[in-house]
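Hey, can you work out the whole structure from these sequences and the hints?
So the sequence lines, in the order shown, correspond to chains A and B. Take 1 as the starting number for the first sequence in the numbering used here and just add one per residue. Take 229 as the starting number for the second sequence in the numbering used here and just add one per residue.
No lab work stands behind these hints: they were computed from the structure. Please read these numbers as outputs of a predicted model, since none were measured by experiment. Even glycine gets a Cβ: it sits at the ideal position worked out from N, Cα and C. Where hints are given, some of them may not hold.
Non-contacting residues of chain B with respect to chain A, defined by C-beta distances greater than 10 Å in every case (computed) [claimed, not checked]: (1) V245; (2) L395; (3) S406; (4) Q523; (5) R526; (6) A649; (7) N652; (8) G660; (9) L663; (10) A697; (11) L702.
Computed spacing ranges between beta-carbons, pair by pair [stated by the list, open to error]: (12) P93(A) with D586(B): 35 to 45 Å; (13) W679(B) with V68(A): 50 to 60 Å; (14) E324(B) with P93(A): 45 to 55 Å; (15) A113(A) with W695(B): 37 to 47 Å; (16) T217(A) with L241(B): 36 to 46 Å; (17) G410(B) with P10(A): 42 to 52 Å.
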Amino acid sequence: MPMLAAHLDPLAASLFSLLAIASLLLAFVMLGSRWLKDYMFAFGAQSWLIGILSALIGYYGGYRELYVVAALTVLFRGLVLPWLILRILRQMPAQREVHEIVSPASSLIIGAALVIFALLVAIHVTESLGLNSNVVVLALTVMFSMKLIGFQMLTLRHEAISHILGILILENGIFLGSQILVPGMPLMIELVLLFDLLVAVACFGVLVRYLLTHIGTTSSRELRRLTG
Amino acid sequence: MELRIAILLGAPLLPIVIGLALRQPRASEYLNLLASLMVLAVGLPLPFTIEAPQELLHGYLLLDPLGAWVVMCVAIVYALSSIYAIGYMRHDEAGERRLPAFYALQAGFALSMLFAPLVNSIGVYWIAIELTTLVSTFLVGFEQTPESMEAAWKYIIVVSAGISLALLGTALLYWGGSFVLGETYSLTWQSLTQVAPKMPPVLLKLGFLLTLIGYGTKVGLAPMHTWLPDAHSEGPAPVSAMLSGALLNTAMLGIVRFLAATDAAGQSLLPRTALVALGVLSLLVGAFFIVRQHQIKRLMAYSSIEHMGVLALGFGFGGPLGIAGALYHMLNHSLCKPLLFFGAGNAMHRYHSKRIEDLRDILKIFPISGWLWLCGAIAITGAPPFGLFLSEITILRAGWASPNLWAAIAMLVLLIIIFIAFLNHFRTMYLGAPLDKPVAAEPSGTAWRVWPIALALAPLLILGVWWPAAWMALFQRIAATLGASP
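Listed below in structure tokens is the structure:
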């Protein structure tokens, strides 16, 4: 069975790898910054890269519907979602992470350790599949490590925006990986996923406003009434 | 068949569309009640009328006995909650104006839960489960107190993060299937079971574990349960009932179907062990927090974690007996947990407190519903003569015969601890020394708040003394679709 990622010509393989690695680096931008706006720009840029990747996969693999996905990715994830987040950000009193559990420098080191772990898992999976393809290893690594970095954002940051972006990174990772590994995933699923994400962020936005009016903060440090 | 599905998925639109257009609190109440009764009328006989799984709407929907069983549980809880909500949600002028929005959300929540068990595509199932979260977040935060906002925020963040793991698992399973079926195919529950044996085992196992953690978060299996006590305790009582009695089952359904796929591939040792371990851990966490609980609705919430652990054990032990016990338990839990949350909601209205220490002399304040609530508490701990006793015994028997005997023993011990601790809290509330604190006057609409309790208790009692023979045949059919032959 021919799998696109395992049979690529060298130019395509290097382009895919470049985009995947650049996306991963943008996740590190979020880990290394304290400013909430930086997170948003990093996420937006990452979405653009994923959109370009979709279009390239569509071109090299002959999947025409991926052009639609690419356009919608850029539109929704690259423009509408950052705009929505910017709107949420404008209402918030805090523009940066104030109370750090770990400093950005330590976050970067933890993130690097997570990428190494993801790489080991990816190599193990690829070997047991009997595949010999750097692109597959890379796609799995990026998919797993963005997952782990997303969880790192969720656990080690306090601000509501960091949590929202943590979840968006989780999904970007899956989106990026599945585009390379299973480009033939039915179009409908991808479209509904995009739509679902939009709804999710809208819900987050409403909730953030409620948090502000009823609790007066968007930091999860203050969310500690419910225990036991 | 199409007509029944249309009613099932169309009726909840009534309170959403017409209710929001009219903006009349009374109209919304009764529209929602009407919708829930229509859903109940269709949903109740549904599992008994399906012989074999059938695909509807060009394969987008799948109607099989297992999905129909979950739909039936959702329909029952939706109907009970809709009756109860009429009595519970009528407060004051300010609250009245928000009622149409509440009922629209409640119906939307019910709709998403009726939809999820019926979808055929695994990707769409994930989206349906995600939708249940997005709708119910606003129900959890509906009272807009700081506590409920905190609960809503934790709920949406924890569950969205958890369930994204299920999406990763689904993508890996899709990838695994593409080694067999080619790059483009549609991954449905049936095609997953067919393709699983030929899929690379590493992807099948990894995919299952990720979906187990992901949907397990939504089910409330420990240690991913952290959102559950907050969401269940801070939402209005009818919402807590729907979260606990209906929502958790719809996510459990996904785990069961993924498990069946690993069964078909003969790779089920690791998946089963993982599911059983999570089940025991849930019972353990439930037991700990039930013992030292001070808040009445959190007590019920930890009991939900416990019962989801029991379900996980039932499906994890597997075999016709385990599956039958788990299905029976699912229905019993869906009947009993709303009852308990309704009773807790009634008590909170009168005492203006959620703390167990403040609730005393229940029988003097609630001469009728107090007795019913007590019966419900005895039922939920798995004591005879109620349905949960039969189902828990069945699951234990299945565990005794399975390779996971240790889990069955742990389950027995923990169930006994929970029995003592849970009823001890009720002893304090019913027999403890009176506190001489003033109690709020009885609000109107008592019948709306008492009848659903009675309506839930009656079938629990019947199911405890009589396990209908026809049901056993149904459970065998479901077990057969899950690949467990007698």
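Structure versus earlier hints - violations, ascending order: 2, 3, 4, 5, 14, 15, 17
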